[in-house]
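Protein sequence lines correspond, in order, to chains A and B. One rule links them: number in my numbering = place in the first sequence (from 1) + 76. Each step along the second sequence adds one to the number in my numbering, with nothing skipped, and position 116 is 108.
If you're looking for bench data, these hints aren't it; they were derived computationally from the structure. Please note: incorrect hints may appear among the correct ones.
As the list claims (entries may be wrong) - In the DSS-like style, the derived pairs of lysine-lysine whose C-alpha atoms are separated by at most 27 Å in a straight line are:
1. B:K168 x A:K80
2. B:K108 x A:K79
3. A:K195 x A:K213
4. A:K182 x A:K122
5. B:K108 x B:K57
6. B:K4 x A:K79
7. A:K182 x A:K222
8. A:K80 x B:K57
9. A:K222 x A:K141
10. B:K5 x A:K79
11. A:K213 x A:K141
12. A:K79 x A:K147
13. A:K195 x A:K222
14. A:K147 x A:K213
15. B:K108 x B:K172
16. A:K182 x A:K213
17. A:K195 x A:K147
18. A:K80 x B:K4
These numbers come from a predicted model, not from an experiment.
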Amino acid sequence: MDKKRIAIAVGVLVFIFGIVLGVDLLQRSQVADLPAGSVPIYIANKLIGGFTPNDLGQLDQVTFKDKEEGKTQEGWLLSDVLLLHIDPESLNADTEITVSSSSREKSATLTWDHVKDDKNMVLFDMSSRGTLKLVAKEGTLQAREKWVQDVDRIDIK
Amino acid sequence: MISNSSEPQETKKPYFTTFELILLAMFSALVVIAKIALRLPLRLSGHSGLFWMAIVIVAAGVVPKRGSVALVGLTSGLLAGFLGMGDFGALNTFLSYTMVGVGTELALWLLEFPEKLVPAALAAAIGHLTKFLVKWIFGMISGAPVGIVTLGLAWAMLSYVFWGALGGILGALTLKALRKAGFFAYLAEKR
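Only chain A is shown next, with the shape it has when bound in the complex (with noise of 0.2 Å):
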């Protein structure tokens, strides 16, 4: 009897891990353009590229603790993601950099005189699922209510 309720309970965790993943499956055959889950990239309301899965492999992760509550909070800096995409020419300090997400109805503006300076950290930090949140340890978006979950745009102008 016992063997047999461990065994739902198996069966359990198996069902839910097949829904998750065919939903996921389903979502990402459904996206164009880009590769499922890409970040695409906007300069001037014209898309330029896209901040990809295959660029995760050729950046560096960085680390800082955010001050409130005092979690480790890991991932791709800002301005790495942009200068694989975008010549850093084209870029000057007072350059807007748009970040946002639409499912959260959620934006933030920052200057490319911020996003590249290391010491403000402005980084895209991976959710449990697998979404990027844009956080950073200096700054406007030092402050948890100011961060972006679930990134899906980047402009810039």
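Since chain A is already given, all that's left is putting chain B on it; use the hints.
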């Protein structure tokens, strides 16, 4: 039937005694405190489940009544929600904490023995995975994008199951140690 009106009416016994409710409230507070104070320097999804699920399994063993673990989840959810914990808003936090309790409760209805290692590990793994499910469903409802890493979800789920199960084992071992120390005999006197 003849009833004697002079006899005192039998009062309905509450399902949980006051002592049990105090214990459950303390476990709920412990869940929230553990989440705030006990931090492992790990960057693995769901690693807080180690302490969290251990406390939940201990609560299931100390107050072995149906609904006790769900009540711990609900109370800790209210506490965490009002304390503004979590990155995704109070409702998400409240439901995450509550569903950990409800999920573990349902799993324990099936598995029954929180003091045994395997049932405790499985119940805790299922309970902890329901927390992940809440976050995932919230993401779906809000139209959040799919993850950037193809197998990110699978790894995250495995991590939740692993830490939840480990927490369950820790909880079961704690219950065994409490029994050995005579804590349950002490509780029986108090009840």
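Against the structure, the hints come out as follows:
no. : hint            : in the structure
1   : B:K168 x A:K80  : holds, 24 Å
2   : B:K108 x A:K79  : holds, 13 Å
3   : A:K195 x A:K213 : holds, 8 Å
4   : A:K182 x A:K122 : holds, 21 Å
5   : B:K108 x B:K57  : holds, 17 Å
6   : B:K4 x A:K79    : violated, 38 Å
7   : A:K182 x A:K222 : holds, 8 Å
8   : A:K80 x B:K57   : holds, 23 Å
9   : A:K222 x A:K141 : holds, 16 Å
10  : B:K5 x A:K79    : violated, 36 Å
11  : A:K213 x A:K141 : holds, 8 Å
12  : A:K79 x A:K147  : violated, 40 Å
13  : A:K195 x A:K222 : holds, 18 Å
14  : A:K147 x A:K213 : holds, 11 Å
15  : B:K108 x B:K172 : holds, 14 Å
16  : A:K182 x A:K213 : holds, 19 Å
17  : A:K195 x A:K147 : holds, 18 Å
18  : A:K80 x B:K4    : violated, 37 Å
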